[in-house]
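*Asks:* The listed protein sequences derive, respectively, from chains G and E. Sequential numbering of the first sequence, starting at 0, is according to numbering that gives the first Met the number 0. Sequential numbering of the second sequence, starting at 0, is according to numbering that gives the first Met the number 0.
Treat the hints as calculated values from the structure; they're not laboratory data. Owing to the predicted nature of the structure, the values given are computational and were not obtained by experimental measurement. Think of the CB as a built atom: it goes at the ideal place given N, C-alpha and C, for glycine as much as any other residue. It cannot be assumed that every hint is accurate.
Label pairs and their computed distance ranges (CB to CB) [to be verified]:
| no. | chain 1 | residue 1 | chain 2 | residue 2 | range |
| --- | --- | --- | --- | --- | --- |
| 1 | E | T26 | G | Q170 | 26 to 34 Å |
| 2 | E | L113 | G | L133 | 25 to 33 Å |
| 3 | G | G140 | E | F52 | 54 to 62 Å |
| 4 | G | D184 | E | G11 | 49 to 57 Å |
Covered stretches of chain G (in silico footprint by chain E; criterion: 3 or more residues with CB under 8 Å from a CB of chain E, positions within the stretch not fixed) [what the hints assert, rightly or not]:
| no. | segment |
| --- | --- |
| 5 | 81 to 92 |
| 6 | 100 to 114 |
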Amino acid sequence: MTALVFSPTGIRFENIEKRYGGLYALRRVSLEVAAGECVALAGRNGSGKTTLLRIAARLVRPSAGTVNFSDGGGNVNQTAARMGFVAHATMVYDELTAEENLLLFARLQGIAEPAARAEALLRDVGLIERRGSLVRTFSRGMRQRVAIARALLNDPTVLLLDEPATGLDPQGVTWFAETLRRLRDTGRTILMSLHGESEISALATRAIRLDAGLVMADTCSGANLRSILTFADA
Amino acid sequence: MALLSNTAVLLGKELRTEFRSRELLTTTVVFILIVVVLFSFTFDPTSAESRRFAGSLLWLAFLFAASLMLQPCFLREQNNDTLSALRLSVSDPFAIFVAKLAANTLFLLLTELLMLPVFSILFNVAIFPVFGRLVLVLFLGSLGVSIAGTALSAVSAQARMRELPCRYCCCRYLLPSWLPARK
Chain G
0 MTALVFSPTG IRFENIEKRY GGLYALRRVS LEVAAGECVA LAGRNGSGKT
50 TLLRIAARLV RPSAGTVNFS DGGGNVNQTA ARMGFVAHAT MVYDELTAEE
100 NLLLFARLQG IAEPAARAEA LLRDVGLIER RGSLVRTFSR GMRQRVAIAR
150 ALLNDPTVLL LDEPATGLDP QGVTWFAETL RRLRDTGRTI LMSLHGESEI
200 SALATRAIRL DAGLVMADTC SGANLRSILT FADA
Chain E
0 MALLSNTAVL LGKELRTEFR SRELLTTTVV FILIVVVLFS FTFDPTSAES
50 RRFAGSLLWL AFLFAASLML QPCFLREQNN DTLSALRLSV SDPFAIFVAK
100 LAANTLFLLL TELLMLPVFS ILFNVAIFPV FGRLVLVLFL GSLGVSIAGT
150 ALSAVSAQAR MRELPCRYCC CRYLLPSWLP ARK
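One chain only, chain G, in its complex shape (with noise of 0.2 Å):
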């Protein structure tokens, strides 16, 4: 079982290229994510975002580039990350309950008591009255919290997350909203992907504005990155 200890993480790419055939969807994106760091990704549909983040969680294997994690020393340390990702797609089962699907996800990941990191994080989401409920019967903004809860089970040293409030109500976009703060606060590195802005992009401490693939844009002014964010949803 792992015992989840807390280290620092940051996310070096560097010269990522990907190609779908003769569509570039990345060309020569060099970023370095600093341990700590709250990042916004913002940008037109098609601009790259959601492959960037898949390229960072290893879901997707870059055509040229390589993505690197470092310790907070900032040496490379592939093995330092403990990756949360929220996809556009829930990641969660349909025929198991939101209980089973956590407990399983925990097991995989060999988490150390799972039921009672399921049932923390279940209370934590706000589904514990429907802990026995099969993900099925969940509306959209129910099953986004599943996900949610199936990315934070292994308390993650780096969350990634594609357009996490989708689904959400105003409370669970506020309740998401703290939750996050309290991870940044407490030194997890963000790199999410965004539309317009919003309580959630209140918490970045920096902006990147993708379009076909490039980096237009990089900021950590307040204005500039309130700019970026509003730019890139017009």
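Please build the complex by placing chain E on the supplied structure of chain G, with the hints as guidance.
*Replies:* Below, chain E without anything else, positioned relative to chain G:
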């Protein structure tokens, strides 16, 4: 060790989801029942000739059933992109394949055992005197068929027109398991 524990957890998930939805088992059992009944109309079940071909007919029916049952096993993981969640969670991705293989073998064996009495009655073939040996042959045949079918399902899950190449390749690669088993 991680491979074994991950496989056990995933096999539990496969069995739970299938016995809850009964999606594959119901479809396959109905399909194979239709095939066996149609075969029984085609051949005269009382003739010695039909009993001579009974093994081949039985395995032909199982082969059709296997191509129906095995093909969607990885495809189902794409509905909610659960395959990505599994890949992020398991320490050895081979556990995903082994769990699918074990589940497919069990489902196929269960289908075959359910179908044996029907086949025995329709073709007037006595199975009880050779039941023990028959179960062993069914298990080995099912394992062979499942290895090829599960691998093809994994390979073709992302492909366009995946049903066609999968069934075609299934029949080609399943032959080595099928030929000795039909005897």
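*Asks:* Please check whether E:L113 and G:L133 have a Cβ separation lying inside 25 to 33 Å.
*Replies:* About 26 Å separates the Cβ atoms of E:L113 and G:L133, which means 25 to 33 Å holds.
*Asks:* State whether the coverage of the segment 100 to 114 of chain G by chain E holds or is violated, taking the criterion as 3 or more residues with Cβ-Cβ distances under 8 Å.
*Replies:* The restraint on the segment 100 to 114 of chain G holds, since 6 of its residues have a Cβ under 8 Å from chain E and three suffice.
*Asks:* When I compare C-beta atoms, does the segment 81 to 92 of chain G have three or more residues closer than 8 Å to chain E?
*Replies:* n = 9 at 8 Å, threshold three: holds.
*Asks:* I want to verify a distance hint. Is the separation of the beta carbons of G:G140 and E:F52 within 54 to 62 Å?
*Replies:* holds, 58 Å
*Asks:* Can you let me know if the beta-carbon spacing of E:T26 and G:Q170 is within 26 to 34 Å?
*Replies:* violated, 41 Å
*Asks:* Taking 49 to 57 Å as the stated bounds, is the beta-carbon spacing between G:D184 and E:G11 within them?
*Replies:* violated, 38 Å
Going through the hint list in order, the structure does not satisfy hints 1, 4.
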